[in-house]
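Visitor: So you can see what is in the structure, the chains are spelled out below.
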Amino acid sequence: MKIQQHWYHNLWLWSILYFSLGFVNILFALLGLISFCLPLLFAIFGGNKLFCNRYCDRGQFLRFFGSKLGLSRRHDIPDWMHSNIFRYGFMIFFFAMFGGILYTTWLVYMEINSLSEVVTLFWCLEFPWSWAGTTAVSPAVAQFAFGLYSLMLTSELIALAAMLYYRPRAWCTFCPMGTLTQMICKRKIATKG
Amino acid sequence: MTVSVKRRRAKILPQQCVACGTCLDVCPRGALSIFHGSFAQVDITRCVGCGLCARECPAGIIKLEVIE
Ligand code: SF4
Ligand code: SF4
Ligand code: SF4
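First to last, the protein sequences are chains A and B.
Counting in the numbering used here, the first sequence runs from -5 upward without gaps.
Counting in the numbering used here, the second sequence runs from 66 upward without gaps.
Note that these hints are calculated values from the structure, not bench results.
Ideal placement from N, C-alpha and C gives every residue a C-beta, glycine not left out.
Each hint should be verified, as a subset may be incorrect.
[As the list claims (entries may be wrong)] Each pair of labels, with its calculated beta carbon distance range:
1. A/N4 <-> B/P79: 44 to 52 angstroms
2. A/G64 <-> B/E130: 27 to 35 angstroms
3. A/S132 <-> B/L129: 39 to 47 angstroms
4. B/P93 <-> A/T128: 45 to 53 angstroms
5. B/V131 <-> A/A155: 31 to 39 angstroms
6. A/F92 <-> B/T110: 24 to 32 angstroms
7. A/L35 <-> B/Q80: 24 to 32 angstroms
8. A/S124 <-> B/R120: 19 to 27 angstroms
9. A/I152 <-> B/P93: 43 to 51 angstroms
10. A/R181 <-> B/G116: 32 to 40 angstroms
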């Protein structure tokens, strides 16, 4: 019995490319908006999780390194980690942090704050990232790019840690975008009757 | 004399499924699908009970049950 290979199994390359490009020029971080919008579009208009099921670069990244290359230790995840309370709590926290990025962007746009060329990991550890800064866009756009890159890198590191210790796609059990899109799909079924 | 053939099949707990689709990707029989982005379901006529999905499910909610 052979498991079929599909082109989208190679999408893990996009994850590597994305984080590499953000290391060179922070403007590339804005490409992360694709990963924000596509799953929502699939869920809202298609009522499905095709993005998670096939086209998510992170899902494929975890699959490739955790499962195919065998880097995962495959411990069982604790029940609380895929409980609704934790999933919804983490989702709210995550999107609140995204709201924080928008707020910081607004402060720079209003010239209340100046552009801060740092990448913040785990919402508290700041790393200087000025070599990737840019003057090609307004400071507010650059600020948003720094914030988005911080969020993407933080979640990637959590996903990586979960992959190494638990099963390859352990992150997917509490991924905020996965939780949100499943919520939208369930709501769509409920409203259809 | 009657011979009972025991075989296994995958059983999913839908309330705990996060619909990530990991199981779909590993099933060599195409026996799994996601119901409207909400939870995974098994087509028991296709499932051969190989257990690959149970091994890969990140939430650990696929069990193999024995059927006669
Ligand atoms: S749950 Fe999150 S990381 Fe996993 S496939 Fe879906 S969007 Fe990607
Ligand atoms: S037990 Fe094997 S055949 Fe059955 S659904 Fe799981 S992966 Fe597919
Ligand atoms: S791998 Fe597990 S959690 Fe993911 S869709 Fe399949 S049964 Fe659900």
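Visitor: Which hints from the list above does the structure break, by number from lowest to highest?
Guide: 1, 3, 6, 8 and 9
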